[in-house]
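Trainee: Sequence lines, in order, name chains A and B.
The opening residue of the first sequence carries number 306 in the working numbering; numbering runs sequentially from there.
The opening residue of the second sequence carries number 17 in the working numbering; numbering runs sequentially from there.
Treat the hints with caution; some may be incorrect.
Quick list of in silico lysine to any residue cross-link-like pairs, SDA-like style, CA-CA up to 25 Å [said to hold, decoys possible]:
1) B:K59 with A:E672
2) B:K68 with A:E583
3) B:K33 with A:Q630
4) B:K34 with A:N649
5) B:K33 with A:E628
6) B:K33 with A:D549
7) A:K559 with B:Q89
8) B:K33 with A:V648
9) A:K559 with B:L62
10) B:K33 with A:N563
11) A:K559 with B:E80
12) B:K60 with A:E499
13) A:K559 with B:L69
14) A:K562 with B:A41
15) B:K60 with B:A41
16) B:K34 with A:F478
17) B:K59 with A:F584
18) A:K559 with B:G56
19) B:K68 with A:M553
20) A:K559 with B:S45
21) B:K60 with A:M553
22) A:K559 with B:S32
23) B:K68 with A:F584
24) B:K59 with A:E650
25) B:K60 with A:S401
26) B:K33 with A:M553
27) B:K68 with A:N563
28) A:K562 with B:R83
29) A:K559 with B:D65
30) B:K60 with A:Q630
31) B:K20 with A:L558
32) A:K559 with B:Y84
33) A:K681 with A:E643
34) B:K59 with A:L547
35) A:K562 with B:S99
Calculated directly from the structure, the hints in this document are not laboratory data.
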Amino acid sequence: MATNTRISNLPESANANATLSKEEVMRYSRHLIMPEVGMDGQLKLKQAKVLCIGTGGLGAPLGLYLAAAGVGRIGLVDFDSVDLTNLQRQILFGTSDIGRPKIEAAADRLRNLNPDIQIDQFESRLTSENALDILKNYDMVVDGTDNFPTRYLVNDACVILGKSNVYGSIFRFEGQITIFGAPGGPCYRCLYPEPPPPGLVPSCAEGGVLGVLPGIVGAIQAAETLKLIIGKGEPLIGRLLLFDALAMRFRELKLRKNPECPVCGEHPTITKLIDYAEFCGVRGEEAANPAQTTVPEIAPRELKARLDRGDDLFVLDVREPHEYQICNLGGHLIPLGELSRRVNELDSSREIVAHCRSGKRSAEAVEFLRSAGFRKVLNLKGGILAWSDEVDASVPKY
Amino acid sequence: MAVKVIIPTPLRPYTSKKESVELQAATVSEALASLTTLFGDLKKHLYSDDGKLRSFVNVYVNDEDIRYLRGDQTPLREGDILSIVPSIAGGTQN
Chain A
306 MATNTRISNL PESANANATL SKEEVMRYSR HLIMPEVGMD GQLKLKQAKV
356 LCIGTGGLGA PLGLYLAAAG VGRIGLVDFD SVDLTNLQRQ ILFGTSDIGR
406 PKIEAAADRL RNLNPDIQID QFESRLTSEN ALDILKNYDM VVDGTDNFPT
456 RYLVNDACVI LGKSNVYGSI FRFEGQITIF GAPGGPCYRC LYPEPPPPGL
506 VPSCAEGGVL GVLPGIVGAI QAAETLKLII GKGEPLIGRL LLFDALAMRF
556 RELKLRKNPE CPVCGEHPTI TKLIDYAEFC GVRGEEAANP AQTTVPEIAP
606 RELKARLDRG DDLFVLDVRE PHEYQICNLG GHLIPLGELS RRVNELDSSR
656 EIVAHCRSGK RSAEAVEFLR SAGFRKVLNL KGGILAWSDE VDASVPKY
Chain B
17 MAVKVIIPTP LRPYTSKKES VELQAATVSE ALASLTTLFG DLKKHLYSDD
67 GKLRSFVNVY VNDEDIRYLR GDQTPLREGD ILSIVPSIAG GTQN
């Protein structure tokens, strides 16, 4: 039974000197009356130190439930500020928090929820330079980040320090949840030795997320974290839980420790933190979009001037139909994913200006069209976002 | 063998938005070949230029990773479910 095996590097039982105040007994009474938690479990929670990386979609429910449950010390790492688009899913924040550093708003919210716990604030990006120093003071880590370099950084740092990493990630309607780095268990690199190269991963094109999805996934991460701390139940180690909110279906896949894993295998080749931006092929925002810099472009103002002048330009919108409904420039809609089989809709003798939301997908479209023999194709620089900034502010940004 | 391939959300734009595809195949390799024949755009997302399955895409037969079975030569039985599971990084912004 998993309940009898050691599943984390936490003490087997609570410190004998720890106690709960009268008020704490009342606060946690619904935990205390369950034998699976009880006084011993609640004291373990009180002495536990958990680091939450990211206070966004996943970090919000996670932070709230860990604080509510009485996890004694919660570290928060984030460098971002609250903006209006966050509020659709990041339930730690309210409208009055817009513009505030997330870490500050999050800490206020959690302290208000539970003044008896300690909240540590790290207002910075997690980097190879600071990760080990930040992580070493915690019993375990919960990964609620949103990019591949940080995912690999968190994984490697957890393996190096021997800490469990409660992992969750989301995409549109789908979530993946597991625990990496537990003693004897697999790590992220056992599952995915390498990240996808930038550009191959659908990003803004198919981006977006159902607001409640990070709520569900983050709450599952919270449940697994609490179980690891109290040492009860069957932890999600060696199992990858897939959740599809659209089908409302959970599936479970086996996850094995790879003996040849470069970081947690028998003969590790990665024994210290590396340059994760380089590893993931990302070098700042611009380098992440290599296609954007190599295709011919037209600036929004120039396009406007040429359209006003009556130039014969064919505006091609490569976004998805639902994005076209949000706002459009009246262009001909062919989603990027359909371009190769609908290329016959385009007249190669005309000058074509392709655009998307930010200019990334349309750069791919321009590259594709040029390789297909189209000579007069331009990419609208900065996409519809730049158009809204520079030409027509009535076009909503999304 | 009739098998079902479950397409993950990030790859659905390349399969005409289909969530799953039923096809006939005796091995994983055959199943993926017929899938990429049906949906040409999917190929570069599943295979690298040297024809290998990409390392950020895992393939499972039922609940087992094919890397721990017989790779793409893993035989399929009637009714098997193939899952393509790519890495996703999203947490907040993406």
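Trainee: Sort out whether F478 of chain A lies within 25 Å of K34 of chain B, counting only the CA atoms.
Mentor: Answer holds: K34 of chain B to F478 of chain A is near 14 Å, not above 25 Å.
Trainee: Next pair to validate is K33 of chain B with D549 of chain A; report whether the Cα-Cα distance is within 25 Å.
Mentor: holds (15 Å)
Trainee: For the pair supplied as a hint, K559 of chain A and Q89 of chain B, is the alpha-carbon distance within the 25 Å limit?
Mentor: Distance of about 19 Å is within 25 Å: holds.
Trainee: Given the hinted pair K559 of chain A and S45 of chain B, is their alpha-carbon gap at most 25 Å?
Mentor: Satisfied, since the Cα-Cα distance of roughly 20 Å is no more than 25 Å.
Trainee: Need the status of pair K33 of chain B, N563 of chain A: alpha-carbon distance at most 25 Å?
Mentor: violated (33 Å)
Trainee: Below or equal to 25 Å on CA atoms is what counts here, so check K60 of chain B against M553 of chain A.
Mentor: Given pair K60 of chain B, M553 of chain A is violated - Cα atoms ~29 Å apart, limit 25 Å.
Trainee: Regarding the pair K60 of chain B and A41 of chain B, is the alpha-carbon distance no greater than 25 Å?
Mentor: OK: K60 of chain B and A41 of chain B at ~21 Å, within 25 Å.
Trainee: Hinted pair, alpha-carbon criterion (25 Å max): K559 of chain A, Y84 of chain B. Please report holds or violated.
Mentor: Holds, because 10 Å separates the two Cα atoms, which is no more than 25 Å.
Trainee: For the pair supplied as a hint, K562 of chain A and R83 of chain B, is the alpha-carbon distance within the 25 Å limit?
Mentor: OK: K562 of chain A and R83 of chain B at ~12 Å, within 25 Å.
Trainee: Are the Cα positions of K60 of chain B and S401 of chain A separated by 25 Å at most?
Mentor: Violated - the C-alpha atoms of S401 of chain A and K60 of chain B are around 45 Å apart, more than 25 Å.
Trainee: Within a Cα-Cα threshold of 25 Å, do K33 of chain B and M553 of chain A meet the stated pairing?
Mentor: holds (18 Å)
Trainee: Need the status of pair K559 of chain A, G56 of chain B: alpha-carbon distance at most 25 Å?
Mentor: violated (29 Å)
Comparing the model with each numbered hint stated earlier shows that hints 10, 14, 18, 19, 21, 22, 25, 29, 30 do not hold.
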